[in-house]
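Sequences are here, hints too, so could you generate the full structure?
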Amino acid sequence: MATQLTERRKAEKRQTLVEFKDLQTIFETEAGTIRAVNGVSFQIREGETVCIVGESGSGKSVTALSLMRLISPPGKIVGGEIFFDGKDVLKLSEREMRHLRGNQVGMIFQEPMTSLNPVLTVGEQIMEPLMEHRLMTKSEARKQAIGLIEQVGIPRAAEIVDAYPHELSGGMRQRIMIAIALSCDPKLLIADEPTTALDVTIQAQILDLLRKLKEERNMALMLITHDLGVVAEMADYVIVMYGGRIVEEGYVLDIFRNPRHPYTEGLIKAKPVIGRRTERLYTIPGQVPNPINLPNHCYFADRCPYVMPACLERYPETTVDERGHKTACFRCAEGAER
Amino acid sequence: MTKALITVENLKTYFPIRAGVFRRAVGHVKAVDDVSFSIAKGRTLSIVGESGSGKSTVGRSILRLVPKTSGNVKFHDVDVYRLSKRELRKLRPKIQMVFQDPYSSLNPRMKVGAAIGEALIDHGLADPKEVRERVEAVLVQTGLEPYHFDRYPHEFSGGQRQRIVIARALALNPEFIVLDEPVSALDVSIQAQILNLLADLREMHGLTYLFISHDLSVVEFISDEVAVMYLGTIVEHASRDELFAHPLHPYTKALLSAVPIPDPTLKRERIVLKGDIPSPADPPRGCRFHTRCPFAEDRCREAVPELRDVGGGHRVACHLV
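Those sequence lines, one after another, are chains P and F.
The first sequence runs 1 to 338 under the working numbering.
The second sequence runs 1 to 321 under the working numbering.
It is possible that some hints are incorrect.
The list that follows gives simulated cross-link-like pairs (lysine to any residue, SDA-like), each with its CA atoms no further than 20 Å apart [to be verified]:
#	chain 1	residue 1	chain 2	residue 2
1	P	Lys87	P	Pro74
2	F	Lys111	F	Asp101
3	F	Lys267	P	Glu150
4	F	Lys274	P	Arg211
5	P	Lys91	P	Ile77
6	F	Lys94	F	Ile271
7	F	Lys274	P	Tyr251
8	P	Lys214	P	Cys184
9	F	Lys274	F	Cys293
10	F	Lys274	F	Gly286
11	F	Lys274	P	Asp208
12	F	Lys253	P	Arg156
13	F	Lys274	P	Leu168
14	F	Lys3	F	Asp101
15	P	Lys212	F	Glu269
16	F	Lys274	P	Glu167
17	P	Lys187	P	His226
18	F	Lys274	P	Pro74
19	F	Lys253	F	Val310
20	F	Lys74	F	Asp101
21	F	Lys267	P	Ile268
22	F	Lys41	F	Glu9
23	F	Lys94	F	Asn10
24	F	Lys94	F	Pro108
25	F	Lys253	P	Lys143
26	F	Lys94	F	Ser217
27	F	Lys274	P	Glu150
28	F	Lys267	P	Glu167
29	F	Lys253	P	Arg276
30	F	Lys274	F	Pro262
31	P	Lys269	F	Lys274
32	P	Lys212	F	Ser257
33	F	Lys129	F	Gly143
34	F	Lys274	P	Arg156
35	P	Lys143	P	Gly170
36	F	Lys253	P	Gly275
37	F	Lys41	F	Arg240
38	F	Lys267	P	Phe256
39	P	Lys269	F	Asn72
40	F	Lys267	P	Gly275
To be clear, the hints were calculated from the coordinates, so they are not data collected in a lab.
Written out as structure tokens, the structure reads:
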């Protein structure tokens, strides 16, 4: 516990790098308006790993794409603010935005093959941002690219630099994506399900690599995942999203030891864990809510084992306890005993 | 020992690599290379492995969805590959398969009831008049509602679609179901629902499963026995309890240690394997795992280790065990 508190003090001294304030991102579809991100506020501090957990449709990827301003029609950011390193991201010009992307914020995605250009060598793809943002000459950039390929743990970097993406395995491609994302030494790396498409033994390698690079570069990591195992292994701080809203957030130990939102509790209980034998798995009944017809009350109410009358009347406010653990649930608001 | 429902003996499934103008076979991908096991009635065998291990090809070869190269597959005492087309068709309802992606497994233009009922009529298992009743019953058994009969697949979520696919397999009253990564595409909260459903149906109908998965935590829940595959061969095969308590093969140990555990206080010794899985078109000589094995010795590079029983039915293929 003592170490946890010192960890926390250390964290609090860190500067805020990213701040989301009441972000609202919608998608206009024929069927209606999808509130993909619906009033999301949180911070990422320098050098910190923040994991965003949620199921499909929870808004976790759209939150990250909003920061990069990569939401394209029919999607639209309709409210809120995002600050990166003190700058109001939503007010930047397209030129300034280009400088931010790639230069200060790197991003990697789930499927490395679709993120890489199949007709360019991996070297050319790593060199491009170096020449664009860092104004390097071609030969400087090539040298740097080989160095980066080595840093992401690929042997024979001098040969691989001239390889095409299709010649590489899934794990190697993801390493190349990481090399591209890191080429300009970003302060923040956004990783959207970076290991979901990879085999477990390769996932272990990539997670190790991300941890190592983050330490070496004191880079913040915004890691989007649905896998609570990955969260437990990587996160300093955890954001749990459901139906476009944050339902719970806190330090990783608090979230796993003392999950306060019934959804988080259910997620942790429902995941089969090696060595924890059960005859039946705990299940959360029902389905993820339809993002077009979100109710006016708590989105989780119809699946919640503790549902109370208030839950069906309005959406609960977020309350904070003395440890900084935030929850949007009436049970916590009332200080109900768990 | 109860009698085996499914027996696989020395199964080999090779895919030719064709090149040149005449599309001549220039080599083979040895997707499944000498695999043997049997599954007793009512039991569940899981095959675990990473991509390229050949686990799915084993399932497909058993059902004759891909042709084997050599070896035997027996259902009860019937050699599946000896059957004529017509005889095989008669057998089909008894051996069913559920795939990973419930989106591509269902025809988007076919109502759910028709999709499930079609096979019943086709195989002459139900009178057109009683189809609706039969389908509704199976929908209810898989946790859906009778009125879903008249709905289209797009009206359902991923978890519900997987229930529909399971209902379609179940409607034919099968004895054996190959489940190929049936929960991998689903969200965590939905995965648990489907796994419980599969366990319930197994109990209710005395079903026998071949469960193919890369996820060891899921496998631990559903299986009686587990076989670990690497590059087309089984490297370890034991009862679930034995395999999880005493894994012997270095690859099994590495796989187990690679799975992230949702407990932030846990500090584990992890065996991180170097490199990637080699291409199954050109597998390493000797032990196929030696290129990534942290304990490899000279003999591992030369001789192929035999899969042998080290006691109590625990089979392992490693020189060092």
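Hints, verified against the model:
{"no.": "1", "hint": "P:Lys87 / P:Pro74", "in the structure": "violated (26 Å)"}
{"no.": "2", "hint": "F:Lys111 / F:Asp101", "in the structure": "holds (18 Å)"}
{"no.": "3", "hint": "F:Lys267 / P:Glu150", "in the structure": "violated (28 Å)"}
{"no.": "4", "hint": "F:Lys274 / P:Arg211", "in the structure": "holds (17 Å)"}
{"no.": "5", "hint": "P:Lys91 / P:Ile77", "in the structure": "holds (12 Å)"}
{"no.": "6", "hint": "F:Lys94 / F:Ile271", "in the structure": "violated (42 Å)"}
{"no.": "7", "hint": "F:Lys274 / P:Tyr251", "in the structure": "violated (32 Å)"}
{"no.": "8", "hint": "P:Lys214 / P:Cys184", "in the structure": "holds (14 Å)"}
{"no.": "9", "hint": "F:Lys274 / F:Cys293", "in the structure": "holds (8 Å)"}
{"no.": "10", "hint": "F:Lys274 / F:Gly286", "in the structure": "holds (18 Å)"}
{"no.": "11", "hint": "F:Lys274 / P:Asp208", "in the structure": "holds (12 Å)"}
{"no.": "12", "hint": "F:Lys253 / P:Arg156", "in the structure": "violated (28 Å)"}
{"no.": "13", "hint": "F:Lys274 / P:Leu168", "in the structure": "holds (15 Å)"}
{"no.": "14", "hint": "F:Lys3 / F:Asp101", "in the structure": "violated (33 Å)"}
{"no.": "15", "hint": "P:Lys212 / F:Glu269", "in the structure": "holds (17 Å)"}
{"no.": "16", "hint": "F:Lys274 / P:Glu167", "in the structure": "holds (19 Å)"}
{"no.": "17", "hint": "P:Lys187 / P:His226", "in the structure": "violated (24 Å)"}
{"no.": "18", "hint": "F:Lys274 / P:Pro74", "in the structure": "violated (44 Å)"}
{"no.": "19", "hint": "F:Lys253 / F:Val310", "in the structure": "holds (17 Å)"}
{"no.": "20", "hint": "F:Lys74 / F:Asp101", "in the structure": "violated (28 Å)"}
{"no.": "21", "hint": "F:Lys267 / P:Ile268", "in the structure": "holds (19 Å)"}
{"no.": "22", "hint": "F:Lys41 / F:Glu9", "in the structure": "holds (17 Å)"}
{"no.": "23", "hint": "F:Lys94 / F:Asn10", "in the structure": "violated (23 Å)"}
{"no.": "24", "hint": "F:Lys94 / F:Pro108", "in the structure": "violated (25 Å)"}
{"no.": "25", "hint": "F:Lys253 / P:Lys143", "in the structure": "violated (39 Å)"}
{"no.": "26", "hint": "F:Lys94 / F:Ser217", "in the structure": "violated (28 Å)"}
{"no.": "27", "hint": "F:Lys274 / P:Glu150", "in the structure": "holds (15 Å)"}
{"no.": "28", "hint": "F:Lys267 / P:Glu167", "in the structure": "violated (36 Å)"}
{"no.": "29", "hint": "F:Lys253 / P:Arg276", "in the structure": "holds (17 Å)"}
{"no.": "30", "hint": "F:Lys274 / F:Pro262", "in the structure": "violated (24 Å)"}
{"no.": "31", "hint": "P:Lys269 / F:Lys274", "in the structure": "violated (33 Å)"}
{"no.": "32", "hint": "P:Lys212 / F:Ser257", "in the structure": "holds (19 Å)"}
{"no.": "33", "hint": "F:Lys129 / F:Gly143", "in the structure": "violated (23 Å)"}
{"no.": "34", "hint": "F:Lys274 / P:Arg156", "in the structure": "holds (14 Å)"}
{"no.": "35", "hint": "P:Lys143 / P:Gly170", "in the structure": "violated (24 Å)"}
{"no.": "36", "hint": "F:Lys253 / P:Gly275", "in the structure": "holds (14 Å)"}
{"no.": "37", "hint": "F:Lys41 / F:Arg240", "in the structure": "holds (17 Å)"}
{"no.": "38", "hint": "F:Lys267 / P:Phe256", "in the structure": "holds (15 Å)"}
{"no.": "39", "hint": "P:Lys269 / F:Asn72", "in the structure": "violated (42 Å)"}
{"no.": "40", "hint": "F:Lys267 / P:Gly275", "in the structure": "holds (15 Å)"}
Figure legend: structure checked against the earlier numbered hints; hints not met, in rising order: 1, 3, 6, 7, 12, 14, 17, 18, 20, 23, 24, 25, 26, 28, 30, 31, 33, 35, 39.
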